[in-house]
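Residue numbers (our numbering), protein chains in the order written: chain A, 1 to 517; chain B, 1 to 308.
Read the hints as simulated data drawn from the structure, not as lab findings.
Watch out, some of these pointers could steer you wrong.
Which stretches of chain B does chain A cover? Using the computed rule of at least three CB atoms under 8 Å from a CB of chain A, they are [stated by the list, open to error]:
#, region
1, 13-24
2, 36-46
3, 89-99
4, 278-285
Computed spacing ranges between beta-carbons, pair by pair [said to hold, decoys possible]:
#, chain 1, residue 1, chain 2, residue 2, range
5, A, 356, B, 29, 54 to 60 Å
6, A, 453, B, 21, 42 to 48 Å
7, A, 190, B, 59, 32 to 38 Å
As the structure is a prediction and not an experimental result, all values here were calculated from the model.
Where a beta carbon is used, it is the ideal one built from N, C-alpha and C, also for glycine.
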Amino acid sequence: MLLLLVLLATFLVGCGAPATGDRIVYGLTLAPSGIDPHVNASSELGIPLTSVYDTLVYRDAATGEFVPGLAERWETSDDGLVYTFYLRRGVTFHDGAPFNAEAVRFNLERITSPDLASQKARFMLGPYERVEVVDETTVRIYLSEPFAPLLDSLSQVYLGMASPAAVEKWGTEYQLHQVGTGPFVLAEYVPGDHVLLQRNPAYAWGPSVYQHKRAQLAEVEFRFFTDPATRSPALETGEADVMGEIPPQDAVRLKESGNFRIEAVPIPGVSLMFFMNTARPPLDDVLVRQALLYGTDRQAIVSTIFRDTSPVAYGPLAAVTAGYEPQVQGYYGYDPAQAAALLEQAGWKDSDGDGVRDHDGAALVLDLYLMGWGSMPEVGQLLAAQWAELGIGVNSKVVSYPEALELAGKGEHHLIPFNLSGSDPDILRKFFHSQGGFNWSKASDAELDAWLETAARTSNWTERAALYSQVQLRVMDQALVIPIRDYVNLNGVNNRVQGLRFDAQGWFPWLVDVRHE
Amino acid sequence: MRYIGRRLVQAAFVLWLAATLAFVGLQLAPGDPAQTLLAASGATPEEIAERRAQLGLDDPFLAQYTRYLMDLARGDLGRSWLHGRPVSRMVLEQLPATVELAVAAMLVGVALGLGLGILGAVRRSTWLDTAVTAVAAVGLSTPTSWSGILAILLFSLHLGWLPATGEGGLGHLVLPALVLGFALSGSIARLVRARVVEVMGEPFVLAARARGLPSQRVLCVHVLRAALAPALTVIALQLGFLLGGAVVTESVFARRGLGKLAVEAIVWRDLPVVRGVVVCGAIAYVLANLAADLAQAWLDPRLREGLA
Numbered sequence: 001m002l003l004l005l006v007l008l009a010t011f012l013v014g015c016g017a018p019a020t021g022d023r024i025v026y027g028l029t030l031a032p033s034g035i036d037p038h039v040n041a042s043s044e045l046g047i048p049l050t051s052v053y054d055t056l057v058y059r060d061a062a063t064g065e066f067v068p069g070l071a072e073r074w075e076t077s078d079d080g081l082v083y084t085f086y087l088r089r090g091v092t093f094h095d096g097a098p099f100n101a102e103a104v105r106f107n108l109e110r111i112t113s114p115d116l117a118s119q120k121a122r123f124m125l126g127p128y129e130r131v132e133v134v135d136e137t138t139v140r141i142y143l144s145e146p147f148a149p150l151l152d153s154l155s156q157v158y159l160g161m162a163s164p165a166a167v168e169k170w171g172t173e174y175q176l177h178q179v180g181t182g183p184f185v186l187a188e189y190v191p192g193d194h195v196l197l198q199r200n201p202a203y204a205w206g207p208s209v210y211q212h213k214r215a216q217l218a219e220v221e222f223r224f225f226t227d228p229a230t231r232s233p234a235l236e237t238g239e240a241d242v243m244g245e246i247p248p249q250d251a252v253r254l255k256e257s258g259n260f261r262i263e264a265v266p267i268p269g270v271s272l273m274f275f276m277n278t279a280r281p282p283l284d285d286v287l288v289r290q291a292l293l294y295g296t297d298r299q300a301i302v303s304t305i306f307r308d309t310s311p312v313a314y315g316p317l318a319a320v321t322a323g324y325e326p327q328v329q330g331y332y333g334y335d336p337a338q339a340a341a342l343l344e345q346a347g348w349k350d351s352d353g354d355g356v357r358d359h360d361g362a363a364l365v366l367d368l369y370l371m372g373w374g375s376m377p378e379v380g381q382l383l384a385a386q387w388a389e390l391g392i393g394v395n396s397k398v399v400s401y402p403e404a405l406e407l408a409g410k411g412e413h414h415l416i417p418f419n420l421s422g423s424d425p426d427i428l429r430k431f432f433h434s435q436g437g438f439n440w441s442k443a444s445d446a447e448l449d450a451w452l453e454t455a456a457r458t459s460n461w462t463e464r465a466a467l468y469s470q471v472q473l474r475v476m477d478q479a480l481v482i483p484i485r486d487y488v489n490l491n492g493v494n495n496r497v498q499g500l501r502f503d504a505q506g507w508f509p510w511l512v513d514v515r516h517e
Numbered sequence: 001m002r003y004i005g006r007r008l009v010q011a012a013f014v015l016w017l018a019a020t021l022a023f024v025g026l027q028l029a030p031g032d033p034a035q036t037l038l039a040a041s042g043a044t045p046e047e048i049a050e051r052r053a054q055l056g057l058d059d060p061f062l063a064q065y066t067r068y069l070m071d072l073a074r075g076d077l078g079r080s081w082l083h084g085r086p087v088s089r090m091v092l093e094q095l096p097a098t099v100e101l102a103v104a105a106m107l108v109g110v111a112l113g114l115g116l117g118i119l120g121a122v123r124r125s126t127w128l129d130t131a132v133t134a135v136a137a138v139g140l141s142t143p144t145s146w147s148g149i150l151a152i153l154l155f156s157l158h159l160g161w162l163p164a165t166g167e168g169g170l171g172h173l174v175l176p177a178l179v180l181g182f183a184l185s186g187s188i189a190r191l192v193r194a195r196v197v198e199v200m201g202e203p204f205v206l207a208a209r210a211r212g213l214p215s216q217r218v219l220c221v222h223v224l225r226a227a228l229a230p231a232l233t234v235i236a237l238q239l240g241f242l243l244g245g246a247v248v249t250e251s252v253f254a255r256r257g258l259g260k261l262a263v264e265a266i267v268w269r270d271l272p273v274v275r276g277v278v279v280c281g282a283i284a285y286v287l288a289n290l291a292a293d294l295a296q297a298w299l300d301p302r303l304r305e306g307l308a
């Protein structure tokens with residue numbers, strides 16, 4: 001004990017480096033051990049690296065428009081198969097090498113090389129065929145078929161431009177020594193411990209969405225806070241100045257403290273929703289699916305579990321996603337009487353008086369699978385309680401992500417939740433196209449397939465948006481999903497940190513403008 | 001020497017067993033690694049099948065196992081499916097932080113456990129003994145995820161004495177080592193108390209007392225030496241507990257370490273990394289047990305002579 005006290009006393013002094021004027025500590029919520037955006041897929045990696053890499057184009061978070069980045073301008077061929085990018089001159093990588101068309105070619109070929117085994121970037125390029133260097137500052141991308149989401153993909157850090165020299169020099173260790181052209185330089189990465197960014201003094205080619213020409217901070221250190229319960233204490237002890245994904249109950253408390261604010265950023269993409277397996281009885285009956293929707297009090301779930309920090313979801317897309325169809329808000333308001341009536345109509349009555357409806361000798365009991373994150377188990381509990389009042393039984397089980405993929409792929413579930421972020425509505429194709437990887441409703445609707453395929457090939461935004469409206473309304477008409485809430489990232493921010501804004505994905509901060517006062 | 005040779009053969013067998021169990025167990029776990037890695041990306045089923053083939057997952061089980069064992073024998077742990085980096089590098093990166101925490105927690109746990117255990121035994125059936133038993137029970141049964149948060153709230157947030165999270169200097173090590181060490185001390189205290197009580201009733205202790213030796217000397221020389229030899233093995237066995245507890249502790253105190261690496265690898269079915277961590281854990285375990293056995297042999301002459 002004495003030894004411990006001595007230890008304690010010795011280190012009382014000199015711990016916890018206070019943040020000075022031009023430095024902040026930014027808390028991340030996952031500790032991915034790989035952060036090469038061309039290879040890895042996590043959202044966390046983009047939080048630091050969006051400021052290390054520049055992209056060919058940028059997406060204005062407010063308007064959704066694309067603005068020039070490393071490409072000054074671009075053209076699309078009439079058939080939508082060839083994109084020509086005219087690159088900015090005078091841009092250099094952090095290692096001093098010039099950025100040019102050759103660098104773009106190198107990057108795209110790296111991303112699409114099977115050896116790299118990319119988990120995200122490769123697939124964001126869709127039907128990419130090849131890249132061609134026209135001259136020093138002109139480069140063309142060829143597609144095998146039109147792909148409307150391409151610019152959105154090219155605006156994200158996963159397709160950021162890395163220094164070819166650095167990639168060749170470091171090989172499989174490149175992710176520890178990443179070199180881009182962005183407003184910050186990756187100074188150090190110790191996996192699992194921290195990422196350190198330092199201002200790039202040479203930066204002078206930022207996009208119009210950046211408010212400052214150069215980074216306002218000299219340094220940003222990123223640290224990993226994987227345990228949700230530790231996030232708000234880390235802010236309060238001053239060990240972090242910004243922290244993502246604060247648990248809702250802590251967010252409510254932090255806001256009241258006066259020294260911190262919560263910047264709630266809605267994330268575009270697919271809302272948290274439960275997929276109803278339309279291939280498995282009794283959910284093959286649309287009446288039963290509609291009854292479940294009418295019998296779900298989403299407002300109660302959002303208030304109880306998410307403390308009203310996120311909006312109720314009414315359709316498959318989060319309300320901030322481009323192409324969102326607001327008409328979905330008119331569907332399936334909470335109406336238990338209507339739910340009961342629909343169940344009766346479908347033949348489900350409690351004939352033996354055990355509290356659970358039955359039909360032809362089968363009880364109305366549904367298999368509900370839940371993943372352990374994102375408050376899904378809690379949501380599942382509330383759903384089971386709400387449905388119990390309607391005479392619907394629930395068997396729920398928490399499974400891991402790989403298990404979920406396997407069992408939902410095979411269709412062993414009645415209901416399973418998911419949400420996924422993404423700023424382009426093409427994300428719907430993964431969920432509602434009959435061949436989609438997350439077609440967990442087992443949708444098999446030729447019209448839905450056609451609309452989704454056509455929309456992905458249509459360059460005219462108005463036409464695209466009209467198709468996505470049809471998709472969203474069809475999904476709700478057919479009652480394929482029970483939307484619960486739009487995902488909102490609750491960022492806890494020390495009031496001395498100013499100028500924090502996020503990109504169109506909602507996840508990635510534009511650190512160039514952040515100040516510490 | 002025969003004793004040491006036998007222990008070495010046993011150690012090699014344990015390592016092979018651990019490596020094989022890690023392989024077979026993961027192979028049987030539900031979920032397709034290629035699908036897990038790529039599902040959210042929008043890859044087509046064909047692209048996922050290609051990746052599966054690329055990872056060698058389509059090869060027959062025996063071929064995969066043989067390749068894995070051959071690589072392992074050459075000291076090659078393979079490359080991470082998630083990051084493409086050599087597993088040995090990823091493990092070595094995280095190892096120092098885990099060892100640092102494990103050693104510090106072991107020191108805290110042994111110091112606290114020994115102290116409490118001896119105290120309880122010497123003052124047995126008094127209020128002090130009851131208190132020791134209670135503290136040991138709390139240590140044993142408190143999850144570190146909870147005691148860790150409590151420690152952060154008390155020592156960092158309210159008192160401001162110690163940094164809550166991260167690494168850098170001994171100051172950052174104090175809280176996690178205390179939390180993990182306290183959890184460890186419970187089982188050590190119980191064991192030491194029971195052994196000391198038992199030995200104190202043995203004839204040779206009575207004889208020593210009868211010869212009029214001071215009770216301090218009887219306790220320190222005769223009782224402890226006999227009581228601690230078996231305790232050493234149990235303490236070495238706690239290494240498994242430490243590695244497991246480190247997973248939670250690393251997460252609560254935002255430290256890096258093998259635990260975090262393993263959790264990520266399990267979530268993503270990054271099997272080479274999981275196997276790498278398991279094999280390294282097995283090596284540590286075997287080494288610790290070997291050291292404990294040798295130390296025990298040194299403490300207990302009967303073992304050295306091959307009589308026990």
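Hints breached by this structure: 1, 4 and 5
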